[in-house]
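Trainee: Protein chains in written order, with the working numbering: chain A, 4 to 499; chain B, 4 to 499.
Calculated from the structure, these hints are not laboratory results.
Don't take each hint at face value.
Label pairs and their computed distance ranges (CB to CB) [said to hold, decoys possible]:
#, chain 1, residue 1, chain 2, residue 2, range
1, A, A129, B, Y244, 25 to 35 Å
2, A, P283, B, Q248, 47 to 57 Å
3, A, A318, B, P283, 23 to 33 Å
4, B, Q248, A, D60, 53 to 63 Å
5, A, R387, B, Y286, 48 to 58 Å
6, B, Y244, A, E349, 41 to 51 Å
7, A, D60, B, D277, 47 to 57 Å
8, B, P283, A, T281, 22 to 32 Å
9, B, Y244, A, V466, 17 to 27 Å
10, A, S460, B, E377, 38 to 48 Å
11, B, E377, A, P283, 34 to 44 Å
12, A, R387, B, D46, 51 to 61 Å
13, B, H315, A, S460, 48 to 58 Å
14, A, E349, B, P29, 23 to 33 Å
Which chain B residues stay away from chain A? Per the calculated CB distances, all over 12 Å, these [claimed, not checked]:
#, residue
15, D76
16, R203
17, Q240
18, G256
19, E265
20, S316
21, E322
22, F365
23, H411
24, G438
25, D473
Each residue gets a CB set at the ideal place from its N, CA and C atoms; glycine is no exception.
Each chain, letter by letter, is given below.
2 protein chains.
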Amino acid sequence: MSEAVAATGGVARAADAPAREVPAPPDPVLRDWINGYWSDFLDDLTDWLRIPSVSADPARAADVRRSAEWLADHLRGIGFPTAEVWDCPGGPEAGLPAVFAEWPSADPGAPTVLVYGHHDVQPADAATDPWDTDPFEPVRRHGRLYARGAADDKGQVFLHSLGVRVHLAATGRTAPAVNLKLLIEGEEESGSPHFADLVREHAERLACDVVIVSDTGMWSEDTPTVCTGMRGLAGFQVDLYGPGQDIHSGSFGGAVPNPATEAARLVAALHDEDRRVTLPGFYDGVVPLDETERELFARLPFDEERWLATAHSTAALGESGHTTLERIWARPTAEVNGIWAGYTGEGSKTIVPASAHVKLSFRLVAGQRPELLEESLRDWVNGRLPAGIRAEVVAHGYTRPCLTPLDHPALASLRRAMGRAFGREILLTREGGSGPAADLRDVLGAPVLFMGISVPSDGWHSVNEKVELDLLRRGVEASAYLWADLAEHWTSREGR
Amino acid sequence: MSEAVAATGGVARAADAPAREVPAPPDPVLRDWINGYWSDFLDDLTDWLRIPSVSADPARAADVRRSAEWLADHLRGIGFPTAEVWDCPGGPEAGLPAVFAEWPSADPGAPTVLVYGHHDVQPADAATDPWDTDPFEPVRRHGRLYARGAADDKGQVFLHSLGVRVHLAATGRTAPAVNLKLLIEGEEESGSPHFADLVREHAERLACDVVIVSDTGMWSEDTPTVCTGMRGLAGFQVDLYGPGQDIHSGSFGGAVPNPATEAARLVAALHDEDRRVTLPGFYDGVVPLDETERELFARLPFDEERWLATAHSTAALGESGHTTLERIWARPTAEVNGIWAGYTGEGSKTIVPASAHVKLSFRLVAGQRPELLEESLRDWVNGRLPAGIRAEVVAHGYTRPCLTPLDHPALASLRRAMGRAFGREILLTREGGSGPAADLRDVLGAPVLFMGISVPSDGWHSVNEKVELDLLRRGVEASAYLWADLAEHWTSREGR
């Protein structure tokens with residue numbers, strides 16, 4: 004056994020494994036500018052976080068609008084020539100407003116970047132949830148800023164407002180090195196019901212070379228990462244109907260089909276013994292994990308025991324031949340989110356239930372086409388049921404998977420900019436969840452990058468949400484480096 | 004092919020197939036006595052049916068007691084030397100009272116018969132259920148008597164009160180030919196929670212050679228039958244626990260076990276492709292269907308399409324190699340009565356649920372021991388679960404199966420007595436459901452016979468419950484014949 008093999012725990016490194024990258028040193032001038040702005044920046048963010056822009060609560064609709072107007076005012080105040088509040092298609096009554104802002108570059112051929120984020124927040128109620136402090140009265144403590152929206156997503160949106168200012172100050176520019184556009188949604192925490200329509204309606208003004216999604220996270224402060232993909236999602240409800248009403252299991256049981264049994268047989272048949280999904284064609288087109296990405300995943304300091312603790316689980320289980328990280332990031336899955344049939348109260352009730360219901364969702368990866376899944380599922384269900392059981396399959400809509408092209412020059416820029424801000428090589432991750440990023444990609448025809456300046460402990464959707472102030476500062480720095488790096492290494496003509 | 008084979012549709016009759024029996028002619032004297040008593044009998048039954056003895060409704064406890072006292076008074080009035088109201092073990096506050104009555108024979112060596120029935124009834128509310136008339140204001144119409152309890156079970160209990168009177172009148176006796184005991188329960192419609200204890204407490208006074216259960220039904224008025232068995236029942240809840248709380252299916256799904264999936268896999272594995280139950284040892288000891296009984300079942304005018312309509316089902320499905328009647332009467336089954344896990348509301352919620360729950364019940368036939376089932380199920384469940392899923396199996400108690408010995412002389416007496424009353428050969432059936440009859444058999448050590456004077460259209464537990472007056476009259480006649488026939492063909496010494 005060679006020394007090299009021994010040093011990697013017996014796992015031989017491929018000869019063409021990516022070299023570890025050494026980040027460029029930080030720009031002390033730029034850091035000085037950040038320090039100068041820092042106190043005002045935090046005060047402004049605090050003001051914005053005080054606005055309870057809870058999109059799920061109809062009583063907060065005026066607050067969501069106030070939040071949008073606050074942001075547009077702020078962006079105009081720091082120099083954006085354009086900053087507008089955009090109503091949903093259908094008008095102010097149809098949904099909650101987004102903010103669009105634009106700051107063109109003075110350089111011909113500069114690439115155009117669209118930053119996506121959202122200004123609405125999850126519900127939070129100090130009276131009923133165990134927050135240590137009021138979620139809408141931001142508090143700075145131990146190097147953190149606690150407030151609903153501090154990490155998801157106002158903090159991550161706001162870092163770009165300081166990022167562009169220090170980018171200008173440090174480079175002596177009056178306009179950014181890239182054509183900078185911001186689209187800050189107001190309904191993300193409510194499922195983005197009008198987002199695709201909004202993007203289609205404004206597709207010309209949103210035209211760009213690359214989308215930077217600022218609404219994800221990174222591995223940890225010690226291991227900064229860039230996410231290269233989110234899985235897609237397709238949800239279904241399968242309803243099985245047997246007897247016209249619940250019937251006596253003594254008089255009829257064992258002689259007519261039971262829809263609860265048939266529902267269980269369907270769910271059980273959805274995975275084989277290797278826990279692979281059995282739907283015909285399910286894996287067709289799945290883009291396999293790139294060797295580079297697989298190698299970068301393997302370098303993450305993944306501790307399965309700790310991960311299981313965050314999953315509130317005591318054992319891992321999934322598709323054979325893949326690691327846990329591969330299973331949640333790069334492999335498609337089928338999951339039962341709910342099942343119900345018959346009697347569910349105390350004690351027993353001896354019936355054959357009239358119906359059974361299953362909620363299924365599929366996570367999808369690049370190469371899978373969610374529109375094909377519905378027909379495949381319907382055929383599979385109907386082909387497995389005995390006479391006497393009728394099925395209805397209802398689709399709950401889908402979100403497409405989204406994968407950043409690994410060879411795109413903007414991804415290299417993002418890794419360099421973040422590496423410089425964090426003083427470390429930026430590894431790659433993916434995100435197991437799903438988001439509306441693919442709508443941007445599909446409507447605008449631009450690749451999507453994920454710049455997540457947040458760590459798992461930030462408490463998204465939970466109590467005591469916070470942002471680490473040091474992380475936020477590095478995010479500002481990375482944002483500033485990014486616009487210069489993109490302009491230096493990539494022009495619109497080359498990129499497109 | 005012989006003529007005989009052709010005549011039976013190609014199915015060869017076994018050489019020892021039971022000969023069709025010609026019933027004895029009716030006793031015109033006895034019928035005259037019935038006619039004489041008939042009007043008073045119906046008036047008395049009507050009075051009793053007016054008492055809303057709903058055992059499930061705590062507000063009706065006094066009515067259940069009044070019903071017991073009414074019956075005891077009545078039985079004393081017609082000549083029973085003993086008729087007592089028995090409180091539950093634990094006293095009048097612990098449960099609802101039964102009635103015990105006894106009329107010893109004057110003949111030495113006469114067999115002792117215990118008739119079982121119940122005087123409590125199912126709930127019925129004219130204000131909320133679509134009854135045509137008040138369920139507790141009996142109405143005679145078109146040869147039927149409509150009232151809650153008319154068939155289940157006051158009518159069937161009461162026919163014995165006239166049966167013994169006309170038996171005495173027609174035979175000139177002052178005491179019945181058998182030692183007659185009645186035990187009329189007051190909690191049957193509430194699951195007989197104290198019945199086994201009651202029987203054990205009074206086992207000496209209830210001692211008998213045979214039990215006649217008067218609380219089932221027959222095939223139809225045109226095809227009178229005797230039921231020879233009821234299935235047993237064992238109910239369980241299986242609770243599966245996975246993650247400590249519902250977790251995000253995007254972040255964790257596909258990489259940790261999902262308790263809903265595992266519950267479905269268990270339920271699916273409970274039957275094989277032949278729809279036989281796969282629990283190890285499940286079929287051990289199962290008494291196969293007797294050839295005589297199978298032949299008598301086959302002679303029933305069973306119409307599967309009509310049966311499916313009563314099952315509100317469109318197709319039959321069950322254990323391979325058995326007919327529908329065999330499946331529901333003579334074969335054990337496993338049935339899912341309920342299943343639930345995760346999200347069951349509108350739309351979708353992308354979670355891996357923390358737990359999943361299944362309600363299972365097993366119908367058992369003679370030879371199966373329900374006390375073995377719990378351990379078998381627990382072992383089977385635990386043996387099939389992956390690491391990360393924990394199971395709890397909770398037993399909901401059981402009812403033993405009960406099968407009349409087909410060669411018992413009392414069964415021959417019952418078939419002769421009923422055959423004479425109905426003017427037809429009495430075929431055999433069984434009952435797919437379960438009842439407390441096995442408690443009587445096990446505690447008293449006496450075989451149990453089922454004398455069901457009711458037809459499927461009588462509306463048990465449903466609206467517009469009724470009894471056919473002609474059927475009731477034939478039941479009275481059969482009861483009267485039965486005591487004489489039993490005494491003539493069987494003495495206690497022989498029978499025991």
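Trainee: It remains to establish, for every hint, whether it holds in the given structure.
Mentor: Comparing the hints with the structure gives:
1. A/A129 / B/Y244: 25 to 35 Å: Since A/A129 and B/Y244 have Cβ atoms about 32 Å apart, the given range 25 to 35 Å holds.
2. A/P283 / B/Q248: 47 to 57 Å: 34 Å, violated
3. A/A318 / B/P283: 23 to 33 Å: With a Cβ separation near 25 Å, A/A318 and B/P283 satisfy 23 to 33 Å, so the hint holds.
4. B/Q248 / A/D60: 53 to 63 Å: With a Cβ separation near 24 Å, B/Q248 and A/D60 fall outside 53 to 63 Å, so the hint is violated.
5. A/R387 / B/Y286: 48 to 58 Å: Given about 26 Å between the Cβ atoms, the range is violated.
6. B/Y244 / A/E349: 41 to 51 Å: 19 Å, violated
7. A/D60 / B/D277: 47 to 57 Å: 55 Å, holds
8. B/P283 / A/T281: 22 to 32 Å: 27 Å, holds
9. B/Y244 / A/V466: 17 to 27 Å: Hint holds: Cβ distance 24 Å, inside 17 to 27 Å.
10. A/S460 / B/E377: 38 to 48 Å: Holds, since A/S460 and B/E377 (Cβ atoms, about 45 Å apart) stay within the stated range.
11. B/E377 / A/P283: 34 to 44 Å: Holds, at about 40 Å.
12. A/R387 / B/D46: 51 to 61 Å: 60 Å, holds
13. B/H315 / A/S460: 48 to 58 Å: At 55 Å between Cβs, range holds.
14. A/E349 / B/P29: 23 to 33 Å: Given range 23 to 33 Å: violated, Cβ gap about 51 Å.
15. D76: Holds: least Cβ distance 35 Å, greater than 12 Å.
16. R203: Non-interface label on B/R203 holds, nearest chain A Cβ at 24 Å vs cutoff 12 Å.
17. Q240: Incorrect as stated: the minimum Cβ-Cβ distance to chain A is 8 Å, not above 12 Å.
18. G256: 4 Å, violated
19. E265: 9 Å, violated
20. S316: Contrary to the label, B/S316 does not stay out of reach of chain A, its closest Cβ about 4 Å off (not over 12 Å).
21. E322: 7 Å, violated
22. F365: 10 Å, violated
23. H411: About 24 Å separates B/H411 from the closest Cβ of chain A, which puts it past 12 Å; holds.
24. G438: 9 Å, violated
25. D473: 25 Å, holds
In summary, the structure is inconsistent with hints 2, 4, 5, 6, 14, 17, 18, 19, 20, 21, 22, 24 from the numbered list given earlier, while agreeing with the others.
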